[in-house]
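Participant: Sequence:
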Amino acid sequence: MTTYYSRIPSLHLKGDWLAEAGFDTGASVTVKISEGCLTLIVETDEVRDLRRELYQVKKSMKHIKAGVYDVVNGN
1 MTTYYSRIPS
11 LHLKGDWLAE
21 AGFDTGASVT
31 VKISEGCLTL
41 IVETDEVRDL
51 RRELYQVKKS
61 MKHIKAGVYD
71 VVNGN
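Residue numbers are given in UniProt numbering: position 63 of the sequence shown equals residue 63, and the series is strictly consecutive.
Keep in mind the hints are simulated off the structure, nothing from the lab. Hints may be right or wrong, so weigh each one.
Unchecked claim - Here are the simulated distance ranges between beta carbons:
1. G36 / G67: 22 to 32 Å
2. G26 / Y55: 30 to 40 Å
3. S10 / S34: 50 to 60 Å
4. D16 / D45: 44 to 54 Å
5. M1 / K65: 41 to 51 Å
6. Y5 / S34: 35 to 45 Å
7. A21 / D70: 45 to 55 Å
8. L54 / S34: 20 to 30 Å
9. N73 / I41: 39 to 49 Å
10. V57 / M1: 13 to 23 Å
11. G15 / E43: 17 to 27 Å
We treat Cβ as the ideally placed atom computed from N, Cα and C, and that holds for glycine.
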């Protein structure tokens, strides 16, 4: 049986230096991308909470938009 692999760029980082820099196991990170450069930023508890709140607001807005669409279209 022939196995085919796709060439997808990947990056795996490990080492005690990550924890020393604030990247604990399970930490959420933000990745900023620019030409030839990746910047990794550990998310604070405040940022994580704001992301959760934003997710909930977006989910609520999706339901509101669907309801408005139904009213406008007589559904």
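Participant: Run every hint past the structure and note whether it holds.
Facilitator: Hint check results:
1. G36 / G67: 22 to 32 Å: Because 46 Å falls outside the window, the suggested range is violated.
2. G26 / Y55: 30 to 40 Å: The hinted range 30 to 40 Å is violated for G26 and Y55, with Cβ atoms some 18 Å apart.
3. S10 / S34: 50 to 60 Å: violated (19 Å)
4. D16 / D45: 44 to 54 Å: 23 Å Cβ-Cβ, so the 44 to 54 Å window is violated.
5. M1 / K65: 41 to 51 Å: Roughly 48 Å apart at Cβ, these two residues keep to the hinted range, so it holds.
6. Y5 / S34: 35 to 45 Å: The hint (35 to 45 Å, Cβ to Cβ) is violated, given that Y5 and S34 are roughly 29 Å apart.
7. A21 / D70: 45 to 55 Å: Given a distance of about 50 Å, which is inside 45 to 55 Å, the answer is holds.
8. L54 / S34: 20 to 30 Å: holds (24 Å)
9. N73 / I41: 39 to 49 Å: holds (43 Å)
10. V57 / M1: 13 to 23 Å: Check failed, 49 Å falls outside 13 to 23 Å.
11. G15 / E43: 17 to 27 Å: holds (20 Å)
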